[in-house]
Amino acid sequence: MRLSPRDTVFFDLFAATAANVREGVGLLSEALDSAADRSAIAERLKEVEHHGDEHTHEIVRRVNSTFVTPFDREDIYRLSGGLDDVLDDVEAALDLMVLYRVGDLPSGVGDLVDVLDRAAELTAEAMTRLRSVDELSDYWIEVNRLENQADQTYRRLLATIFSGEYDALTVHKLKDVIDTMEAAVDGFETVANIVEQIAVKGS
Amino acid sequence: MRLSPRDTVFFDLFAATAANVREGVGLLSEALDSAADRSAIAERLKEVEHHGDEHTHEIVRRVNSTFVTPFDREDIYRLSGGLDDVLDDVEAALDLMVLYRVGDLPSGVGDLVDVLDRAAELTAEAMTRLRSVDELSDYWIEVNRLENQADQTYRRLLATIFSGEYDALTVHKLKDVIDTMEAAVDGFETVANIVEQIAVKGS
Amino acid sequence: MRLSPRDTVFFDLFAATAANVREGVGLLSEALDSAADRSAIAERLKEVEHHGDEHTHEIVRRVNSTFVTPFDREDIYRLSGGLDDVLDDVEAALDLMVLYRVGDLPSGVGDLVDVLDRAAELTAEAMTRLRSVDELSDYWIEVNRLENQADQTYRRLLATIFSGEYDALTVHKLKDVIDTMEAAVDGFETVANIVEQIAVKGS
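Residue numbers (my numbering), protein chains in the order written: chain A, 178 to 380; chain X, 178 to 380; chain U, 178 to 380.
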């Protein structure tokens, strides 16, 4: 794939977007400690998300003003939309923790967020190597493995919160929070699948 | 953009579809009053939704039988599908109110439906001006602003219904209803974003 | 539509995928009996789902290595993705039944799964006749009818589980299960709509 300066801009924008997602996940991780000032962290996460929106708009603007793009236009939209969706879920999860005043979370929630941390790290790193998208198979295979691991953690968490240990209102709050975190994990898998499809097309 | 009579048909169909969505939102608004005959209103909403389906099928039929369309085929599908989704959510919200026999709703629900009313009005008006889609920026900016406003209202509502004032079963019912209304607001934003993307492409 | 051996492979893969979905629905149906060993059946369903994933990957691989495909590439992706989604929902529904230890289910759940059985049968049969996709209108019309029927059943079920007969925690568990089943029914309708769109394009 020959690279024009224009391509470079796209790759840099994706790297910046993914780095931003990783920063958001880091804030969610910080907020797990029930002693943390979750409202303040949620405010910082909102700023991070605004930066993400700016990246997305810039990508869309450039796709529409560029004749030749390094990948299919549609794939560029899907990739940037996919990264955007992950950050939306991450922000929504913290938002619910604040709104619901959930206090201490079951320990399994930490395991779920650890997976988010790892997936965010892998994704941020992969986005800096989109130039050689065909060499990213380690990335998408590992993210798919992480998603399966998160699924097991999620299911154990469901069994825990429905075990009778929590009252129905708390169950509802906790389930909303972990469902949103699980959606974020799925979002990372979606991004990885898009990258794989781009690689397959190019090969 | 030069207009053929064929284009005119598409524009008229979108205007009719959006007017239909607005009528549906009006019925939902009517049904907020716990003294209203919600089942009867739900029946009328079902009829409105059937009209919407007919418009959608007519649009799809014409896209497939037309060589030149005013916008990309894919965008026409997405726009008509987007309007269809909003009406489905509006109908589902009223449906749940009837099924759950929810009675009085927290006052915040009225604020949420007011946003739906305003978004429906703006969308119906914008759909009559698709001929000059590049002049609709006021529309999509305002709908995005309304979505943010609705999001704040929705989050306040969540805090209210989980405050302990309601029993767990009522919380579950109310949350299903407002989640569906929130989905309808998001649907209006999706439609506005599609219109913006069509405008950007054309420019 | 002239058929090459390559086309035949695609058609066979879709027939195999749909037969696999039908097998999965059969297992869900088996698991309705609260005396059944649901965990064991869930294990078997996981294997069925793995087979489905293999079919999907094979379809994607062939689409990408084939210059001429019997349908648009995008439609092949959507069709195989649509069948995949149905099986995911079927597996998730049984999964939740096991995780939540739901025991006896309201009788309406059986009606919902009967619709899934019938939709799976119709879909599996239709996928063996994709060669003459324009002759499948009976299939997509009937699946749409079944979806409306399932919707009525689903709504009656919601009224039942929220009637006060069940405690809030049980309501939450049952609603998760039937929501997932309802999503599977919608998934069959999505597949039928994709087939209809392919037929309309070809005509």
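Calculated directly from the structure, the hints in this document are not laboratory data.
Be careful, since some hints might not be right.
Since the list gives no way to pick out one identical chain from another, each pair is judged satisfied if it fits inside one copy or across any two copies.
Unchecked claim - Calculated pairs, EDC-like style, for lysine to aspartate or glutamate (alpha carbon to alpha carbon, straight line, at most 20 Å):
(1) LYS352 / GLU298
(2) LYS223 / ASP262
(3) LYS223 / ASP288
(4) LYS378 / GLU235
Quantities reported herein were computed from a predicted structural model and do not represent experimental measurements.
Status of the hints after comparison with the structure:
1. In this assembly of identical chains, LYS352 and GLU298 lie within 20 Å of each other by CA distance neither inside one copy nor across copies; the values are 26 Å within and 34 Å between.
2. Taking the shortest alpha-carbon separations for LYS223 and ASP262, only the intra-copy value of 14 Å comes in at or below 20 Å, while the best inter-copy value is 28 Å.
3. In this assembly of identical chains, LYS223 and ASP288 lie within 20 Å of each other by CA distance neither inside one copy nor across copies; the values are 23 Å within and 23 Å between.
4. Taking the shortest Cα distances, LYS378 and GLU235 sit within 20 Å of each other only across copies (15 Å), while inside one copy they are farther apart (25 Å).
Hints 1, 3 from the earlier list are contradicted by this structure; the remaining hints agree with it.
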